[in-house]
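2 protein chains.
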Amino acid sequence: MLVEFRSSYAAVVYAHSTEEVSAVVRLCAETRTPLISFGTGTSLEGHIQAVHGGVCLDLSEMNGILEVNAADMDCRVQAGVTRKSLNSHLRETGLHFPVDPGADASLGGMVACGASGTSTVRYGTMRENTLGLTAVLASGAVVRTGGRARKSSAGYDLTRLLVGSEGTLAIITEAQLKLYPLPAAVSAATCLFPTLEAAAAAVASLLQSGVPLARCELLDASAIRAFNSYATEVPDVPVGPTLFLEFEGVSDEMVGAIASVAKECCDDSGGGSFQWATSESERRRLWAARHSTYYAALALRPGSRGIVTDAVVPISRLAEVMRQTADDVASSGVWGPIFGHAGDGNFHCILLVRHDDPPEYVAKLNAINERLMARTLAAGGSCTGEHGIGVGKKKYLVPQYGENTVEMMRELKRSLDPLNILNPGKVVDI
Amino acid sequence: MLVEFRSSYAAVVYAHSTEEVSAVVRLCAETRTPLISFGTGTSLEGHIQAVHGGVCLDLSEMNGILEVNAADMDCRVQAGVTRKSLNSHLRETGLHFPVDPGADASLGGMVACGASGTSTVRYGTMRENTLGLTAVLASGAVVRTGGRARKSSAGYDLTRLLVGSEGTLAIITEAQLKLYPLPAAVSAATCLFPTLEAAAAAVASLLQSGVPLARCELLDASAIRAFNSYATEVPDVPVGPTLFLEFEGVSDEMVGAIASVAKECCDDSGGGSFQWATSESERRRLWAARHSTYYAALALRPGSRGIVTDAVVPISRLAEVMRQTADDVASSGVWGPIFGHAGDGNFHCILLVRHDDPPEYVAKLNAINERLMARTLAAGGSCTGEHGIGVGKKKYLVPQYGENTVEMMRELKRSLDPLNILNPGKVVDI
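Protein sequence lines, in the order shown, are assigned to chains F and R. Numbering follows full-length UniProt numbering, in which position 299 of the first sequence is assigned residue number 299; successive positions increment by one, without gaps. Numbering follows full-length UniProt numbering, in which position 377 of the second sequence is assigned residue number 377; successive positions increment by one, without gaps.
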């Protein structure tokens, strides 16, 4: 996070097929040229920066949807297809691809980054939703991992080794993905809590009761305040830690049965005014503060951009780490509304920075993030829930895992990319 | 499958801690001695055979349950803890560990084998349920992978590289596992179909309707006949392809809502006499034929043991591959009832063999399996859904994945175990 990159690509190559990617990789291997694959450029930890120079391999024109197997609920796409274009294409099938990191990222990039988002509590991350890959190794060899079967124990799990490898072990050119039926019934709910602790207790209660959550998001009071000052055309919503829930099911009866148990869980944890809705317009209204969190945050300080932290902890530690972070933001005198994928224990703080901020101001934000990372690791969490390592988080890997484990990662990198041409300087250094 | 092993261990070492395992690995590295880890010995593809001699590392006495974090629904166990002993230990917490391969296998073995079973359609395999591992590398170095966070994108996914690696990349000594609440309400159902195709169509319809299935098993007519001749104390059940379903939920209302949509899916696919029950005794009665499948099969031919094939295909090909296999069994004049984890596209044929069968008989069984594997790969499936590669299925890896992909597996093996001391001769040869 917050690393400044001063670098540029020597060239940008647009590839259109796995064979072209293989040819480019072979050329880069011959000339020992770093190769950085590029999808939509929406990653957040410097993944696409040319820290050692080199060639940018732009896969955005590899945007073919190669197959949709509706009967088996899977599809095969080229790496440059974005998640929204896939979902548009699927519209008539009654199926969808649910992983939603916010940005309209390319699916190859989402695989490479191990992306997830608001629907992960129900559908999992890219790890659970990638059935197989076509990828080009550093030698130029093309591999096909996984397959179309829903499960398999045939050999090493190369698919999941490549998911989240951030372009450092292979170039992903195609992905076989799981699809899901659009739910027959959906309902949404919101619930205000007196404290972050009470809201987190409600999340724990929902999970421990086995309530099937489609989404489970938490906004802190400062994020709600940001919404109220941003969305001046609608009435203010009550300020305080607020849970945003969504339920899905095969019928209104099923969704109603779920919502009724969910309400009990929230009530028992001190939640007030549990509101729920089934019509799309009412659901949209209930969730408005969550849907506009990012832009509401930016509006707190005109002209700023958001630097989004990323931390994930066991649920039992979520309230404590969120509160300490909110306190840290407040006492540092900066802006930083907090929202979280609470059902996963994952949360973000949107730190606002302007290009003309003095170095001392930027240093404050960096210090907040450093303390957040220390707190997260001490709580048994991970330095990144969904943004990946890139350049910005390399330094936390050894504190998180220990030297032996990171050395095992380096050994894999050395083994699969001995010339260090695939996105060098990211994830681990060799 | 069906490989005969004539080998024995030079010694059996009982380890009690990760440190002891590390010391044994270092000694084996010094002396280039093969090391075969052993849990309960319930794997099916020759994983624990000493094909190159060597030492058996018995982990069954590493049976400590190190932590149960009820609030976060996770636990940490030593590798030798069996799934049943973990679930007994959890009884008072309202939580359970759901992956159920049938045998009371050790959890370390289940991780190593990438195990799954009847509950996988709901809860996933060991891949989805292993949060982190402690493991000893071939150098003796101890690594800790993953962690307690519910998701993470911090570096290469070493956990899932080791899940399913069958003791060939590292010795797993501890596992951090996801736990789940025991469901508040459960119901079971059975439904008879005129053909395998109709039953498979019902499964596809259930999945495409988003019906949350807790279990979804399919028995062919020969498996039902085997049950009727085995369970003479209960009335015969109607003979024909039969689906065995289970639903879970937070309340009877939720489970009822699910069962009602499930019944529609079965009716629309030509299913007859959809029966369902919520009380435990009635559920047990409905599912009796499924629960006793294996022993009913053995009873068809007294004195025999079952050789269990393992294949997984996309759901749209399940009926066809099951039918061709059933026809092959019938026309070969052998016994081979078929049952499947239909919701995953995974099925098994129980081929019966006696120690005094002539070589021609055994050759017939091998030929059935060879044809099944060819059919499975042609249908875009995997040569093993849950039993793993071991020795018996090595030869199918190149046909399934292609040479480049298997070479990538070999490269990982060479990199992490350059002396080839960890369970050599399994998964891939180097």
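Among these hints, one or two may not hold up.
No distinction is drawn between identical chains; accordingly, a pair holds when it is met within one copy or between any pair of copies.
As a list, the in silico SDA-like pairs of lysine to any residue whose alpha-carbon atoms are at most 20 Å apart [to be verified]:
hint : residue 1 : residue 2
1    : K84       : G333
2    : K178      : G380
3    : K263      : S251
4    : K84       : T40
Simulated from the structure, these hints should not be mistaken for laboratory data. The structure displayed is predicted, hence computed values, not measured ones.
For each hint, the structure was consulted:
no.	hint	result
1	K84 / G333	neither (38 Å within a copy, 54 Å between copies)
2	K178 / G380	between (31 Å within a copy, 15 Å between copies)
3	K263 / S251	both (18 Å within a copy, 13 Å between copies)
4	K84 / T40	within (12 Å within a copy, 48 Å between copies)
Checked against the numbered hints given earlier, this structure breaks only hint 1.
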